[in-house]
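There are 2 protein chains.
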Amino acid sequence: MTEKNRFLNLRLGILGGGQLGKMLCQAASNWDIETVVLDPLEDCPASSLCSKYIKGNFRVFEDVAGIAGEADIVTIEIEHVSTEGLRYLREQGIETRPSAEILEKIKDKGHQKNFYKDNNLPTSEFIICSSGDEIKELISKGDIKLPFVQKLCRDGYDGRGVYIVRENKQLDNLLEGESIVEELVEIKKELSVIVAQNGFNEVRCFKPVEMVFNYDANLVDYLVSPAVIDQSISDAAEELAVNIIKKFGLYGILAVEMFIDKNDNLLINEVAPRPHNSGHQTIESCDTSQYEQHLRALFDLPLGNPEIKSPSVMLNILGEPGYEGEAVYQGLEECMKIDGVNIHIYGKKITKPFRKMGHITIVDNNIDKALEKAEFIKEKLKVVA
Amino acid sequence: MTEKNRFLNLRLGILGGGQLGKMLCQAASNWDIETVVLDPLEDCPASSLCSKYIKGNFRVFEDVAGIAGEADIVTIEIEHVSTEGLRYLREQGIETRPSAEILEKIKDKGHQKNFYKDNNLPTSEFIICSSGDEIKELISKGDIKLPFVQKLCRDGYDGRGVYIVRENKQLDNLLEGESIVEELVEIKKELSVIVAQNGFNEVRCFKPVEMVFNYDANLVDYLVSPAVIDQSISDAAEELAVNIIKKFGLYGILAVEMFIDKNDNLLINEVAPRPHNSGHQTIESCDTSQYEQHLRALFDLPLGNPEIKSPSVMLNILGEPGYEGEAVYQGLEECMKIDGVNIHIYGKKITKPFRKMGHITIVDNNIDKALEKAEFIKEKLKVVA
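Keeping their order, the protein sequence lines are chains A and B.
All residue numbers in the first sequence are consecutive under our numbering, ending with 385.
All residue numbers in the second sequence are consecutive under our numbering, ending with 385.
Hints may be right or wrong, so weigh each one.
List time: in silico PhoX-like cross-link candidates among lysine-lysine, alpha-carbon distance up to 25 Å [unchecked claim]: (1) B:Lys246 x A:Lys369; (2) B:Lys246 x A:Lys337; (3) A:Lys52 x B:Lys337; (4) B:Lys246 x A:Lys309; (5) A:Lys246 x B:Lys337.
I should point out that these hints are in silico values taken from the structure, not numbers from a laboratory.
Let's have the full structure, built from the sequences with the hints guiding it.
Spelled out as structure tokens, the structure:
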């Protein structure tokens with residue numbers, strides 16, 4: 001790509017128009033990068049913001065292939081896209097980041113775990129099982145012990161397709177389909193590290209953030225940036241993330257979810273080769289947002305400074321359990337009175353229990369104050385119908 | 001507006017789709033506020049970003065009136081709109097902020113100066129003249145002395161319509177049309193203060209920023225946030241801005257450009273009842289951006305915290321003199337290597353000398369470092385064709 005055309009006439013195709021696609025379009029609009037979004041829903045969060053919306057299903061080969069001619073480079077905001085479609089685009093001279101090969105290593109959780117094993121990257125012990133019956137068989141043989149985590153190899157999404165099994169009676173409700181069964185790690189902390197690499201193999205890494213989970217929803221409850229951990233663990237986590245992106249040979253951004261176990265060892269949970277929920281806080285908290293960083297990586301621009309400008313706490317705004325219908329944001333105005341509260345409403349018309357409707361990043365030099373504000377907001381703000 | 005509909009089904013009409021409209025749409029997209037932009041140019045900066053673009057001329061009554069039915073509240077990003085159109089919208093139950101009456105007090109520079117005089121607000125001495133000949137007449141009578149500043153009462157824009165007259169020979173080139181002739185103030189510093197008021201009469205004010213001018217282009221060269229001034233002058237400047245917005249009875253945001261004269265007195269230069277060039281730095285520099293603040297004021301939401309998170313220097317990216325045609329951003333990649341450099345490219349296809357093509361906000365706790373970076377960028381980055 002020549003200097004002349006650098007900031008004009010560059011069309012970025014984005015497979016998926018959810019909030020991640022939306023925020024990528026927001027970052028792209030700062031630089032006049034034309035964005036073309038493919039999504040089945042005309043009123044998806046990114047549709048009115050992108051330069052061009054194309055109705056189509058990113059899981060379907062023909063629809064992904066149809067992006068050829070509309071974009072100069074293509075990326076994803078969700079793993080569940082047609083990798084055959086990505087291959088086709090590459091044959092037409094349109095680079096996709098991630099590539100089909102890298103995405104295939106990641107989107108199937110079995111392949112992903114094997115990749116770590118084959119590359120000596122630390123992760124929990126696991127077995128790949130083809131069915132619930134096979135799991136029960138291996139349990140009776142003693143090859144699998146409770147407690148364990150069962151994760152569907154394919155199509156897991158936003159906490160679905162993950163089942164933590166602690167008691168025998170749960171064995172009647174195992175998820176059906178090929179899955180990985182992982183030993184249940186005694187987790188001290190859950191971290192996420194976001195790292196980027198551009199085509200010049202320049203790599204820059206954001207500081208680890210700490211995720212506190214809502215186990216009902218299997219989604220992040222709070223996220224604290226930076227993670228409250230020793231410098232040595234923080235450095236090791238960054239180093240691990242850098243190692244992973246290099247081993248994958250990925251250009252673009254990679255979110256690496258890790259555990260610190262009771263022995264202070266780092267274990268990779270899973271990765272996502274796209275902007276990530278744990279990176280929303282970078283928008284207000286860091287010198288460069290994950291979205292801008294992803295753009296820099298995609299277009300082989302110098303990577304931006306990932307330093308934290310200001311500590312923050314991020315909350316997901318989830319649909320209130322028990323409500324489904326046109327979303328109403330109860331208590332939002334109260335929350336807007338609080339200093340340092342940055343609200344993101346994704347623009348999904350319908351709320352459902354635990355649906356990601358938005359997020360709030362509370363920026364405060366005093367993390368305890370930020371956590372207090374977060375508590376207040378959690379009590380006050382309800383997305384109902 | 002009921003709580004139920006607060007963040008859904010609210011349509012904001014924006015008259016004008018330039019960069020100010022674009023950045024307002026960017027802020028609106030964080031909260032899922034539907035934006036409807038009226039502009040003559042289909043490829044104006046805001047057009048691909050807004051929810052709906054309507055081709056039309058905001059100076060023309062019929063086109064402004066035609067917004068009725070498309071928006072629930074209407075604002076402007078430029079003063080030169082049809083105020084009769086604003087009146088018509090109000091008659092249809094669509095509030096405009098600013099109102100037609102307030103805008104009329106401001107858009108005509110003669111009316112604006114008289115407003116300050118009538119309200120005992122400090123501003124430089126002035127006379128309203130109907131023509132160049134009248135000015136010459138008053139000079140010969142001794143009522144006007146050189147040097148002075150001549151400003152057209154109407155249609156001045158981005159530094160045009162302003163003529164600083166220091167020598168007699170310039171009197172042959174006076175601007176034609178009704179104008180104000182102001183005594184030329186010996187300026188120590190030029191400040192801008194941005195203040196907001198919502199419909200509950202809540203007022204919040206950003207810290208003064210300091211503007212350093214490019215006198216060739218009659219546009220801002222650098223802008224330093226916060227201004228390097230004594231606390232007492234800073235407080236007085238904020239107090240003055242608050243006083244002005246209250247006297248106008250304006251809901252929305254108001255940018256107040258002021259001078260500090262050689263006696264450390266504050267004098268109002270002019271105001272703009274809309275987001276302003278001097279407020280771009282608020283995006284990265286302050287807790288709340290001017291764009292978000294304007295939205296809060298428009299929708300009667302609690303105003304946001306205007307505190308500076310981090311000092312900054314803002315540069316306008318102006319079209320290089322001598323070039324006109326499809327814009328090329330020479331040296332931009334070099335600038336992207338520097339930490340703390342936040343680049344905004346507005347997306348105007350054609351560059352012209354001194355055309356506002358974008359801006360860069362350099363965030364750095366050390367203002368001298370930021371100024372060094374700004375110098376580097378000024379040398380490196382050229383918008384040519």
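Which earlier hints turn out false for this structure, listed by number in ascending order? Going through the list in order, the structure violates hints 1, 3, 4 and respects the others.
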